[in-house]
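K.L.:
Listed here are the chains, written in short residue letters.
2 protein chains.
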Amino acid sequence: MTGSLAAYLKEKQQLVNDELMSRIGRLSIPSRLKESMKYSAEAGGKRLRPVLLIASCESYGGKTSAALSTSAALEMVHTYSLIHDDLPAMDDDHVRRGKPTNHKQFDEATAILAGDGLLTYSFDIISGEEQLTDGQKVTLIKLLSEAAGPKGMVAGQILDMQAENKESNLQELEQIHTLKTGQLLKYAVVAGALIGGAAKEQLLSLEEYAYYLGLIFQVQDDILDINGDPALIGKPVGSDEGNFKSTYPKLLGLEGAIRQKDVYLDKARQALKAAGVESSILLEITDYFSSRDH
Amino acid sequence: MTGSLAAYLKEKQQLVNDELMSRIGRLSIPSRLKESMKYSAEAGGKRLRPVLLIASCESYGGKTSAALSTSAALEMVHTYSLIHDDLPAMDDDHVRRGKPTNHKQFDEATAILAGDGLLTYSFDIISGEEQLTDGQKVTLIKLLSEAAGPKGMVAGQILDMQAENKESNLQELEQIHTLKTGQLLKYAVVAGALIGGAAKEQLLSLEEYAYYLGLIFQVQDDILDINGDPALIGKPVGSDEGNFKSTYPKLLGLEGAIRQKDVYLDKARQALKAAGVESSILLEITDYFSSRDH
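Line by line, the protein sequences are chains A and B. Per our numbering, the very first residue in the first sequence carries number 42; after that it's consecutive. Per our numbering, the very first residue in the second sequence carries number 42; after that it's consecutive.
Errors might be hidden in some of the hints.
Where chains are identical, the list cannot tell them apart; a pair therefore holds if satisfied intra-copy or between any two copies.
[What the hints assert, rightly or not] Dumping the calculated BS3-like pairs for lysine-lysine here, alpha-carbon to alpha-carbon at most 27 Å:
{"id": "1", "residue 1": "Lys104", "residue 2": "Lys183"}
{"id": "2", "residue 1": "Lys183", "residue 2": "Lys207"}
{"id": "3", "residue 1": "Lys183", "residue 2": "Lys79"}
Calculated from the structure, these hints are not laboratory results.
Working from the sequences, and respecting the hints, build out all of it.
P.N.:
Okay, here's the thing in structure tokens:
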């Protein structure tokens, strides 16, 4: 990662963190609910989605301040999905980013409600943003509910659970990743561009770009699970090995997975060019997604 | 209930049922997710909230068709809240309206995701309704996310759980009911009036009306638990007795609860008059809420 990209990411991460904490902080709600929502929202890592949204907005000359509330809303939706995915009935995870998961720190009922609260609050935030027109708000809400809802992320989670202990082929693997993680990444790119004032044709190319960005993200995740540094990725390497989940290296071999990532990378760059923003920070972020070490 | 009210409710219930099933039916999503969402959505009872929304819209001369999608969205939010409330970590209920609860019929993970899916889809539906202006959609979405989210229903559920096995006073009891069930009832009335074209001052009076309507609904619920006909209410009478939950009859005695309901009823009627719709179907529905036997 270049020094300028690192500085850019750090600055935007700080903006997102402040917006998130201020949005939750101002709620007059039962204290246990607030603590639980805050606990998971502040446990965030790289803030990839909201930073991507802001970068996309800025690439089209939009104002950062106009994108901030939507980026916080998006991070809340991502956070809700992690809280619910970690529940005992789902992935039954006890630790996330070195801290107890929400239901371990509080209890299951509180975790379910904190997730419900974050999801619902995200629509409150977008519909209340004064720097957006009503038309923009409606489009941003429609796209977010599609990306996160039964046609998007929720479908991906069901398919992911059904795919456990079963061999999936490359097409099935792509479908699950596209729904489960790709939809919110696509939303980040498209929503930012919408706020920034991109034209309709540019949005179509951006959707294609975001599709490949999501896949690059996932291949790299699978690769890091094999040859990553455990101290950097925060979990033991080889944790995908034990279960029967399909991964890119399992399907294509490590070399094949790296080649596949390069194919996706080429397509992502081409789509960015078609979207008229090839020299933007988005290109740097794409390369970073592809070569990140954690 | 008058014959004309019964016919009115039946007609609108049918419209709501059709809209709900068509909205879920058209989703191209994993079959298990769709079945689970459909299962709980079609297990609905009287469809009070969506019918109230339609009645409120019609009271101001609005078109029924313009209110239909928002009324289905509201019923989806209500259904999601029942699915999550029934979960083992929450109320741990096994039967609802004579059928196994969602997590008993499917499994916990599916139930959590079906709830998440219904909640998120509701915002998709409102933002996609062509008979509403962008301004109306934004207001309808803002109000729904406030009513259902951490400031509304989700807060009510947390407080309700915290109030179990603890004596609450009348004020605390009203707060819980206002958040947990009152917010969505208020939404029904206000959203319908907004779609119907009510003026701003009328909306304020309607909010007050809806507040008392919610309390009437709850007092009558508590009264039916003592002197209702088990065959009609679908559960044994006295089921509130065993736990330590506060109810109106426990706090005020049965006679006192009936008097309290009359106080609320008077206030509701006055507010309806101030809202300029005193002769409407809303008045009939109010009386029905107050005297219903199930």
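K.L.:
None of the hints should be skipped; say for each whether it holds.
P.N.:
Against the structure, the hints come out as follows:
no.: 1; hint: Lys104 to Lys183; verdict: both (22 Å within a copy, 23 Å between copies)
no.: 2; hint: Lys183 to Lys207; verdict: neither (34 Å within a copy, 42 Å between copies)
no.: 3; hint: Lys183 to Lys79; verdict: both (26 Å within a copy, 22 Å between copies)
Hint 2 from the earlier list is the only one contradicted by this structure; the remaining hints agree with it.
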